[in-house]
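Could you put the whole structure together from the sequences, leaning on the hints where they help?
Chains as they are written, first to last, in the numbering used here: chain A, 871 to 1074; chain B, 871 to 1074.
FYI, nobody ran anything at the bench for these hints, they're computed from the structure.
Treat the hints loosely; a few may be bogus.
Identical copies carry no separate label here, and so any pair may be met within one copy or between two of them.
[Claimed, not checked] Calculated lysine to any residue pairs in the SDA-like style (CA-CA distance at most 25 Å, straight line):
1) K922 with H963
2) K1027 with L938
3) K1027 with R978
4) K942 with K1009
5) K1009 with H1022
6) K1010 with E1052
7) K1027 with E929
8) K942 with E1028
9) K1027 with D910
Computed from a prediction, not measured in an experiment: that's the story for all the values here.
Okay, here's what each chain looks like letter by letter:
There are 2 protein chains.
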Amino acid sequence: MSMNKETLVSAVQKRIRQAGREGTPERVFGCRFALSIMSDNYIDIILGSLAKTDTSRVEASTGRLSTLYRGKRAQVLDALEGCFIHAFTEGIHMTLEATLSTDEGPCRFSEDDVCPNADSREIHFPCNAKLKLYCAEEKKGDVLASSIAAGHGVLVKEDYYCTVLKGDIQAVFYTIEDICKEMDHLPGHPALEVTLSVNSPTAE
Amino acid sequence: MSMNKETLVSAVQKRIRQAGREGTPERVFGCRFALSIMSDNYIDIILGSLAKTDTSRVEASTGRLSTLYRGKRAQVLDALEGCFIHAFTEGIHMTLEATLSTDEGPCRFSEDDVCPNADSREIHFPCNAKLKLYCAEEKKGDVLASSIAAGHGVLVKEDYYCTVLKGDIQAVFYTIEDICKEMDHLPGHPALEVTLSVNSPTAE
Chain A
871 MSMNKETLVS AVQKRIRQAG REGTPERVFG CRFALSIMSD NYIDIILGSL AKTDTSRVEA
931 STGRLSTLYR GKRAQVLDAL EGCFIHAFTE GIHMTLEATL STDEGPCRFS EDDVCPNADS
991 REIHFPCNAK LKLYCAEEKK GDVLASSIAA GHGVLVKEDY YCTVLKGDIQ AVFYTIEDIC
1051 KEMDHLPGHP ALEVTLSVNS PTAE
Chain B
871 MSMNKETLVS AVQKRIRQAG REGTPERVFG CRFALSIMSD NYIDIILGSL AKTDTSRVEA
931 STGRLSTLYR GKRAQVLDAL EGCFIHAFTE GIHMTLEATL STDEGPCRFS EDDVCPNADS
991 REIHFPCNAK LKLYCAEEKK GDVLASSIAA GHGVLVKEDY YCTVLKGDIQ AVFYTIEDIC
1051 KEMDHLPGHP ALEVTLSVNS PTAE
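Right under this line is the structure:
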């Protein structure tokens, strides 16, 4: 079979594109987090929450300091919210500390787009939160975080080193989700640092 | 009294320099942090720690989500370490989440350089930690954090979104201090995110 110049160029370009897909893995979304439960029963509460959370769509690993979920953004956030909601216990003070970012490390992505913890989106309780979006342009991160929080009605104020939020847990998680979506449009690997707090005994 | 040109220029320059000192405040070092104590007695432990910590050299304020210390770097770190060490309770799992950064907001600096919690530098216990230095150059932050941790003998590994540390609490705090000193040489407002964990029941 003879191949003219046009066909050859097209074949080479196709091969380059394929190599590109294989050689440059998709961007992985990840969340490293820890729950802190101010109770003697903290181990039971955490183990109970982990057992109720469906992590079948993410790569999950737990160490001494934190748990790491990696995969598709929607599914990682679904697992994170599931874990937090399942750990919530009436009258028990609990905090979540989380780093949400992206990387290009190896990752086995879920083949589907199912969010198996979606039922946790129907649970409501009040939440205090602070967050900080670190990206190449300092001010841009703060402006983005604050404007998205304001859009969801949970912005309290900008304070030293963070933006302060308060509202229903669902509005707070939608804020987090929308900020994470904006990360795709920022250069490098922006990171969102989040702290959530429920049932704090400290007066407002 | 007559004023020649040289005296006049000198007087104007002096006034400009003074205005510069007043108008451009010194860079403030700050730490926003929260202790999480996995015990029914968490309120007593935190209040006891706050009572034992001398915060006379920093500007301190506490809210629902975190406590903020601002002032001179050495004195802020002294107060932070004092608070953490005083909260340490044998057999009780505790974590600290802290953001260390700088700002140019108004601040009443201590007139002396005394670190009134220096006795906490004599206390020793094992600690797990993770940290992340956010600065304009992504890689530079990670390299700096890891090399300083290695120098203090507490580096475990670089992991997704953080550097993992383990060692005596003093070596960990010296690592934090040295990274904070390096911030002076980085552009903008770099921020160090730190998590410390003691008495974790999770196996290594």
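Exercise. Given a CA cutoff of 25 Å, do K942 and K1009 count as a within-copy pair, a between-copy pair, both, or neither?
Worked result: between (27 Å within a copy, 24 Å between copies)
Problem set entry | Same-copy or cross-copy closeness of K922 to H963 [CA-CA at most 25 Å] | Classified as both: same-chain Cα gap 20 Å, cross-chain 23 Å, threshold 25 Å.
Exercise. Between copies, within a copy, both or neither: which fits K1027 and L938 at Cα up to 25 Å?
Worked result: between (29 Å within a copy, 15 Å between copies)
Problem set entry | Identical-chain pair category, K1027 with D910, by Cα at 25 Å | neither (33 Å within a copy, 31 Å between copies)
Exercise. Using 25 Å as the alpha-carbon threshold, which applies to K1010 and E1052: within, between, both, or neither?
Worked result: both (11 Å within a copy, 24 Å between copies)
Problem set entry | Intra- versus inter-subunit Cα pairing at 25 Å for K1009 with H1022 | within (20 Å within a copy, 34 Å between copies)
For this session: At 25 Å max between alpha carbons, let me know whether K942 reaches E1028 within a copy, between copies, both or neither.
Result: Close across copies (22 Å), not inside one copy (30 Å); limit 25 Å.
Problem set entry | Up to 25 Å CA-CA - R978 versus K1027, copy category | between (39 Å within a copy, 23 Å between copies)
For this session: Measure nothing new, just compare the shortest in-copy and cross-copy C-alpha distances for K1027 and E929 to 25 Å and report within, between, both or neither.
Result: between (35 Å within a copy, 20 Å between copies)
Comparing the model with each earlier hint shows a violation of hint 9 alone; every other hint is respected.
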